[in-house]
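Asks: My request is simple: use the sequences and hints to build the entire structure.
Protein chains in written order, with the working numbering: chain A, 1 to 362; chain B, 1001 to 1065.
Because the hints were derived from the structure by calculation, they are not lab data.
Certain hints may be false.
Said to hold, decoys possible - Residues from chain B that face chain A, not an exhaustive set, calculated with beta carbons under 8 Å:
1) Cys1011
2) Pro1015
3) Thr1038
4) Thr1048
5) Cys1053
Model, not experiment: these values are computed from the prediction.
The beta carbon of each residue, even a glycine, is placed where N, CA and C say it ideally should be.
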Amino acid sequence: MTDLMGERTATEYEIGDVSIGARGALSDAILGLMAGDASRADDVVEHARELTDAEAAEHDDDIQLSLFLLYALSYGSLGQHGAQWEWDTRLIETRLVLERVFEAAVRERVGRLELPAPRASEVAEALFEMTKPTAGPSLSRYLARHADAGQAREYLAQHSIYTLREADAHSWAIPRLTGRAKAALLEIQADEYGGGVHERMHQVMYARTLRGAGLDDAYGRYVDAVPAITLAGFNLMTMFGMNRRLRGAAVGHLAAFEMTSSIPCRFVAEGLRRVGFGDDVAAYYDEHVEADAVHEQIAGRDLAGSLAEDEPQLLSDILFGAAACLAIEGCASDFVLERWQAGESSLRESAVARTIAGRAAA
Amino acid sequence: MTDRPATITPCPNGPLLVRGDLDIVDGEGRPVPRTRRTVALCRCGVSTIKPYCDGTHKSIDFRTD
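Replies: Have a look at this one:
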């Protein structure tokens, strides 16, 4: 995607407030129609079908950017752009084709899982066992001890894809649940949205963190800078949340996400302060040390455990969702850590990546 | 915060979950800041944000039974 001058030759589109570059024929067509050329919708299904043989869909740039853009039409996350396309049957079909490829790739990666009995205490115990902390090297430990300010900004930019929309993906699952599991999900989500206090909403706290670190809090600003696997993390939870048949996986995903958050967030807060950022930047991570120690308990027993008791046929998907979360999030973290350990940036070469590097050097 | 009486739920190998209207005070009787409806109180003793839980019980294999 680069010419001799090192400039990206991929077509860039202005979508709302941000500029996003295509990563293949399908994402080019979707960006084109979002930017105003309705005729591009005629080709999307065919382009999607050309991607069904992709190996490792979680790393495929065209698949992951395309899914991200299609979901953005439902979230309204890119400047409320393209609302008229949300239910276009060609785009829905495209999304289904991509979701099938992506889900199959993740299921293959995760493999067979041992299932606990469908009782709340045993489901919670199994989830805590799957997610128990390990002593080895990790991205959050690297951040705590070794990262420089530029790498800390990279970390924040990588996480902006999910965290500026924090909690929204799992909120799609709320009306798809009933009874005790629904009440438990609401108890967690209400806290994610600041208990009704705007400035305590986690996504608003994260925007404050980005600004405090000298980064832009416009949603999608850093899309061009992140690899497919970062987009895959957000796409995975959105796919689980937006498909009723995958509501068990959405619940398992949230449980695993919460169970692997408090301790890493403490390391990240430590690292951000070590490289010189203030409490305004670290506050988001301080908040998550306390919040996610609460959420993980609710998620294990009251959410995942109740759902397994009330709808035992969902048990295997609850465990699949948790394992999928660990596999994809782990892969995204490993990607960043390996790049840093090799002395390289974790960001994709792009104009917006250079703005982060520029600030880091300043 | 709620009309229902406060409840305290012991989590296996983990914290005490506190829901409802209940004052949490320190050794001198001063209120401990509480920013959320449901809080988790440390009972393994190693939390860095006591009286609240920070999840560290999982790193020390804390058992409640």
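Asks: It remains to establish, for every hint, whether it holds in the given structure.
Replies: Hints, one by one, checked against the model:
1. A distance limit of 8 Å between C-beta atoms decides the matter here; for Cys1011 (chain B) the minimum to chain A is near 5 Å, and the interface restraint holds.
2. Hint on Pro1015 (chain B) holds. Least Cβ distance to chain A is approximately 7 Å, under the 8 Å limit.
3. Given hint, Thr1038 (chain B) at the interface with chain A, holds; its Cβ is 6 Å from that chain's nearest Cβ, closer than 8 Å.
4. A hinted interface residue such as Thr1048 (chain B) counts as satisfied when its beta carbon comes closer than 8 Å to some beta carbon of chain A; here the least separation is about 7 Å, so the hint holds.
5. At a threshold of 8 Å, the smallest CB-CB gap from Cys1053 (chain B) to chain A is about 4 Å, leaving the interface hint in force.
Consistency with the previously given hints is maintained throughout, with no hint failing.
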